[in-house]
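With the hints as extra help, turn the sequences into a complete structure.
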Amino acid sequence: MNRFYELVLIDRIKKLEEKNKRLKIEIKEHKKQNPVFVDNGNHEECMKLWNRIEELEEENENLKFQHEKMAEKIRELRKFKNEAVKRVVSAEKLNRELIKALEFMLNWNTKISEEMGIADTEESLIKFIELKKLLEKAEKVI
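FYI, in our numbering the residues of the sequence shown are 34 to 175.
The reader is advised that the hints may include incorrect statements.
[Stated by the list, open to error] Simulated pairs of lysine-lysine, BS3-like, Cα-Cα distance not exceeding 25 Å:
| # | residue 1 | residue 2 |
| --- | --- | --- |
| 1 | K102 | K112 |
| 2 | K64 | K52 |
| 3 | K112 | K133 |
| 4 | K119 | K97 |
| 5 | K126 | K61 |
| 6 | K65 | K52 |
| 7 | K114 | K173 |
| 8 | K133 | K173 |
| 9 | K126 | K165 |
| 10 | K102 | K126 |
| 11 | K170 | K144 |
| 12 | K114 | K102 |
| 13 | K65 | K126 |
To be clear, the hints were calculated from the coordinates, so they are not data collected in a lab.
Next up, the structure:
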């Protein structure tokens, strides 16, 4: 009978030792995750530091969020810029074509006016001046 109790007690001791090891490991993990300041008269200062750490962590999260928002805005602005560049290039091509058309109209107007013998009439000169101004404006844009 004594041998039976001895075996039961040995088994119980082993189980308690295993439980003790697990609890020690859990305590170490808990201390790593939740550090506790030792109260050696500087408890108030430690609490201030702890609060400051929490504030800085929160501020860091806010900055990460703002950084993500800014990165998204930068991507949007780059897309907008690329689209604007495409439109400017397209507008420049159209402007060059407009200049060619205006030069053709100016030459055509002068030629027709000369052929009809009305090159010096007031209406012909006004048209000539208007076309010349349009041509100059178009060239300035480019």
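Do the hints match the structure? See the list:
Annotation: proposed proximity of K102 to K112 holds, straight-line Cα distance about 15 Å (limit 25 Å). Restraint check for K64 and K52: satisfied, since their Cα atoms lie roughly 18 Å apart, inside the 25 Å limit. With a CA separation close to 32 Å, the supplied pair K112 and K133 exceeds the 25 Å bound. About 33 Å separates the Cα atoms of K119 and K97, which puts this hinted pair outside 25 Å; it is violated.
Of the pairs offered as hints, the one joining K126 and K61 is violated, with about 72 Å between alpha carbons and a cut-off of 25 Å exceeded. Proximity of K65 to K52 is assessed by CA-CA distance (about 20 Å); at most 25 Å being required, the pair is judged to hold. Distance check on the hinted pair: K114 and K173 sit about 23 Å apart at the alpha-carbon level, within 25 Å; holds. Between K133 and K173, the direct Cα distance comes to roughly 14 Å. Compliance with the 25 Å bound is thereby established for this hinted pair.
Distance hint between K126 and K165 is fulfilled; the C-alpha atoms sit about 20 Å from each other, no more than 25 Å. Taking the CA atoms of K102 and K126, the gap is near 36 Å; set against the 25 Å cutoff, the hint is violated. Restraint check for K170 and K144: the C-alpha separation of about 23 Å stays at or below 25 Å, so the hint holds. For the hint linking K114 to K102, the alpha-carbon distance of about 18 Å falls within 25 Å, and the restraint holds.
For the hint linking K65 to K126, the alpha-carbon distance of about 67 Å lies beyond 25 Å, and the restraint is violated.
Going through the hint list in order, the structure does not satisfy hints 3, 4, 5, 10 and 13.
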